[in-house]
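Using the sequences and the accompanying hints, generate a full structural model.
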Amino acid sequence: MKSRLIVLFLIVTAGLILAEEQTGISVTNLPSSWGLALAAFGAAISVFLAGIGSSMGIGLSASAAAGVMSENPAGFGRYLVLIALPGTQGIYGFVAAFLILQRIGAFKGPLKAITPDQGWYFFFAALPVAFACFLSAVYQGKVCANGIYMVAKQSKESGKAIVMGVFVEFYAVLGLLVSFFLINAVKM
Amino acid sequence: MGDSKYAYPTGALRAKENTIIDRHKINSLADAENEYALLNLLRETIYGDFITEETTPSSFENILSLTFQRECNFIKEITPEPNITNLFFLKYDFFNAKALMKSSILDVQTENLYKDIGLISIDDLKSYINEESKPKLNNALKETLDSIIKDKKNINLFEIETRLDKSYLHYALEQSDHYLLLKDFHKSWIDLTNICSFLRFKLDSDEIELFKYSFVYGGYLEKSVFLNLWKEEMLKSSDFSNRYKSLIETALEEYQKEKTLEIMEKGKDNFLLKKLQNAKYLSFAPEPFYAFLLARENEIKILRILFVGMINKMSREKIRKMLRVSYV
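These protein sequence lines are chains A and B, in that order.
Take 1 as the starting number for the first sequence in my numbering and just add one per residue.
Take 1 as the starting number for the second sequence in my numbering and just add one per residue.
Just so you know, these hints were derived from the structure itself, not from any lab.
Beta carbons: idealized from backbone N, C-alpha and C, even for Gly.
Here are the computed lysine to any residue pairs in the SDA-like style, where the Cα-Cα straight-line distance is at most 20 angstroms: (1) A/K153 x B/K25; (2) B/K150 x B/N130; (3) A/K153 x B/I20; (4) B/K280 x A/M164; (5) A/K153 x B/R23.
Covered stretches of chain A (in silico footprint by chain B; criterion: 3 or more residues with CB under 8 angstroms from a CB of chain B, positions within the stretch not fixed): (6) 67-78; (7) 140-152.
The following residues of chain B were derived to be distant from chain A, with all beta-carbon distances above 12 angstroms: (8) H24; (9) A30; (10) Q109; (11) Y114; (12) I120; (13) N139; (14) F158; (15) K166; (16) V225; (17) S315; (18) K318; (19) R324.
In C-alpha cells form, the structure reads like this:
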C-alpha cells in the first residue's frame, strides 16, 4: 500500500515537472484560468480516492460476509452494518467535493473567477479528506472483515465488532472536518 | 490487493470451524455409555450426515473417512494458496507410497492402509512404483521414489520409511519458508521426529547408527545435541530444549513405568496442534486452512480412539489417557 502511494506521488510530481518543461509555465506562476482547474481537480481527487478506498473496503467486508454465509446463510442482518461501514468514507469524499463545487459556483450561475493561488488552496484543502478516507476505508474494511469472522463464531458480539470498526472511522471524520474548515477558509 | 483473495475463503472457513468438536463435546462423547450411545451423540455433529438408521458402530471408519474426504474437498475448493494446503495432502501421498513400497517389497496386502486423500490417486502411485507408467508426481516424492526404486534390491523397510519421511519434512519446511507459523510448525515437527527416533533408538536398542541415519536436518535442535546426549547414562528432559521439556519429561516418566514411548506420539500430536492454534488469529493468510485440516485430522483420531476403545471394552481411564487435545 505504501509503495503504491509513493508511486502515485511520484507520477503526479513527474507529471507536474513534465508539464512545466513542456509549457514553460511554472506551477507557482500559472495563468488565471488554471485556478478553476485546480479547484475542480481538488474536488475530483476527494471523490476519486475516497470512492476507491470505500470500494476496496466494502469489497473486503462483503467478501468476508459472503464467505461466512456460504456455509451458514443465517445472520445477514448481523453482518449488514459491518459490510456497509467502509462505505461512509466515499460519502465524506463526496461531501468535500460538493463543498468545493458550491464555493466555485458550479451549481448556481456562471463559475466564479478563481486565481491560481485560490485554486491551489482548494486543491490542498481536498487532500486531508481524500487521503484519510482512502486509507481509513481500506483498513476499516479489514477490521470489519475480521469483525464478521468474529461474529461468525460469537454471534452475540456484533456490537463489539461495530465499535472496533467505528474507531477507524474516527480518522476519516477528522480528515473531513479539516477539509471542511480549509474549504470554507478560502477567501473569494 | 493480496488480502481480498483471502476474504471470502476465510469467511467460509470461519463458519466451518464452528463444526469442529470442542473439548466439552469431546468430554461428553468420552462419557458415552457405549459405542451405540457414542454413535447417537455423533448424529448431532457434521458426522451425522453419514449416519443413517441402519448405521452401526462397527462402520465408524467409513463415517470418519467420508467426512474427512468431504472436508478435504471443501478446503481444496476454497483455498487461496493451494501450494500450502497441498503440503497437507502430500503427506498422504508419502504415506501411501510407504504402504505401496512395503507391499511391493514384502509382497503383503496393504490395501486397507491406503488413504485416498492425497494429490495423486493410489492407482497412479502404484503404477509409478511398479514402473508401469510415469504419472506426474510431486518433485520431492518423485526423486525419493526414484532413488528407492534404483536401490530396491539392497534396501530395507526402515530405510524406505526414513527416506520418505525425511524427504517430506525437508520439502514441507522449504515450502513454508515464507510463512512464520508454518515454518515454526515444521521445524518443531522435525525436532519431535528426531526426539522420537533418539529416544526409541537410545532406550530400546542403543543403535546410534540407525539414529544417525534417520536424523532429519532443518529443526531447531542440531545433530550434535543428540550425539552428545547419546553418551549420557541417565537422560533428563532439561538436556534437550526448554521448548520440549514437559513433553520429554512425561515421555521419560512413562518409559520408566511402562517401558513404552506411546505417550510421545500423543505428546507430539498435541504439541504440533497447539503450535497451529495461533492460526485462528490470522485472517488473511494460508495458515488457517492448513490448521483446519490438521484440526479435523486430529478430531478424527480422537473419534477413532473412542470407537476402538468402546468397541473393545477398554477402561474409560485408558481411553481418556490416549485422547488428543482439541483444536477449539
